[in-house]
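Each chain, letter by letter, is given below.
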Amino acid sequence: MGIKFEQVNFAYQGPDGQKYLALANINLPIHETGEFIALIGETGSGKTTLVQHMNALLVPDTGSVTILGVKVTKEAVRKKQIKLNPIRKKVGLVFQFPEYQLFEETVLKDIIFGPKNFGISDAEATARAHDIIKVVGLDESYLSRSPFNLSGGEKKRVSIAGILAMEPDILILDEPTSGLDPMGRDELLTVFNRIHTTLNKTIILITHDMNTVYRYAKRALVMRSGYLVYDGDPRALFSRNNIDNWNLETPDILSLQQAITAELGLKLPHIAHTEEDLLAMLEAVLS
Amino acid sequence: MIEIRNLSFEYQTGKPVLHDINLSIEKGEWLTILGHNGSGKSTLSKLIVGLLKPKTGSVVVDGLTLSHETVHAIRRKVGIVFQNPDNQFVGVTVRDDIAFGLENLQVPRDDMIERIERFAQKVGMTEFLNKEPHALSGGQKQRVAIAGILAMDTDVIIFDEATAMLDPKGRRMIVDYMRQLNREGVTILTITHDMKEAVLSDRIVILKEGKILLDGEASAVLNNRAMLEQSNLELLLPLRIRHALTERGVRHPGLEALLWASSLNK
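Protein sequence lines correspond, in order, to chains A and B.
Everything in the first sequence is counted per our numbering, starting at 1 for the first residue and increasing by one.
Everything in the second sequence is counted per our numbering, starting at 288 for the first residue and increasing by one.
FYI, nobody ran anything at the bench for these hints, they're computed from the structure.
Glycine residues also receive a C-beta, built at the ideal position from the N, C-alpha and C atoms.
Errors might be hidden in some of the hints.
As the list claims (entries may be wrong) - Chain A stretches covered by chain B per the calculated footprint, using a threshold of three residues with CB under 8 angstroms from any CB of chain B: (1) 174 to 184; (2) 246 to 254; (3) 264 to 276.
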């Protein structure tokens, strides 16, 4: 088992001394490999808090999170019975707006910073950087450039390369495509999908974009006010009536198919999953 | 309302970010500027409100040419809502935050209190007036930012990727305000790469590598696949389907009409 939440509760202490419940009785198993999970829910629902428990940046108030065999509890951390550094190397977390955290003179130095911190030699880290820059869709010439003169999308890719260079088993991304233009977004999603399919790595993606969820995710988790209210197939999620209650939106492809069926009475054999799928059905029905 | 003439800008010598931009924005118009990351669209919005100084060219707002002397007067006419709501808070409470702009304008106290109440109510944030901005969601923060601008009674509001970080609910709410304000006569300038947002405007300008690539009526620009694709943008889904069916020789006038209508559904 990769990561397992058992009866996890967590509250933030507000500036007024009051406690704000951020996670309520979370039970959640995640496999070490082969998952592509979309984590969705409105702002403040607890998504970021949840993923910060996945690499022990936060520790549950009660309950436990077992991460790649290490059982993280408040008590174990307080008594220093467990080492957190190895966990953070294996579970790579890319924060929202990772580009704000670039600080080195060159892209290469930024990418190897993390691995070197985890004890990887300079030569090994540099070799990895040369491979990984290509994985994120940039060429090696970027390595000698200053990260500050890159576009938003390029900076995001460099920061993701820095996490990938640590060769994590599980990759978590907090809204990685927000602020990117459509092509930048699609390219980055293709990168994640490639990492997932070729390396069989588990990917966990926080997003507000339902088209991304519908297109790429194999499993959807929906958070609402600290509770995990849905854990299952994304396609089944969007066919339910309660998505409005969770402030989600219907993916474009589904609303379009619904409009076509309702307004033109065109009967299509199944619910489209991709654009190509919808096109093929329309072509078959109309020609 | 806004006249931009021969405007050029560079952060580094010899690397122009904006190159000879000419653009007129009419009073009451809703204009969207679309462009890839790094196309210069946010730089343009910063030049309009005098946060950056042009290398060459001029910005004229309501008859006033932007300069060191006029920048404060121009900021009374043009408000801007930025992408990251966390980067635009200065006050301890929501009330202080809305008051900030008014204090700069030296609005009398009674008038200020009245304006704060009125505009907080307008964006549905009255109950949050005494809360800390940090306790708010992204959408709520953006609504407070809008209230602050409305309180200053500006003629133009620039939304600089103001919905990019919001969840679907927050996004819908901000887009509804854009519509409402535009109906009330406020000139709106939206900077985005969200095609669903762009569709709401009257006119769209595409910026590419610091130059204006296309300037036209919204529906015409949104259907121009070649121009959109070379700018890292995309056709809206129904239009993508429409183009693809045409290419495959599939004709169905009813479906084509539906795809067109559902794309441009305002």
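Hint-by-hint comparison with the structure:
Evaluation of the coverage hint for the region 174 to 184 of chain A: fulfilled, as 8 residues show C-beta separations to chain B shorter than 8 angstroms, against a requirement of three. For the region 246 to 254 of chain A, the stated coverage by chain B is satisfied: 5 residues place a CB nearer than 8 angstroms to a CB of that chain, which reaches the threshold of 3. Remark: the region 264 to 276 of chain A is confirmed as covered by chain B, as 3 of its residues place a Cβ nearer than 8 angstroms to a Cβ of that chain, reaching the required three.
Going through the hint list in order, the structure satisfies each hint without exception.
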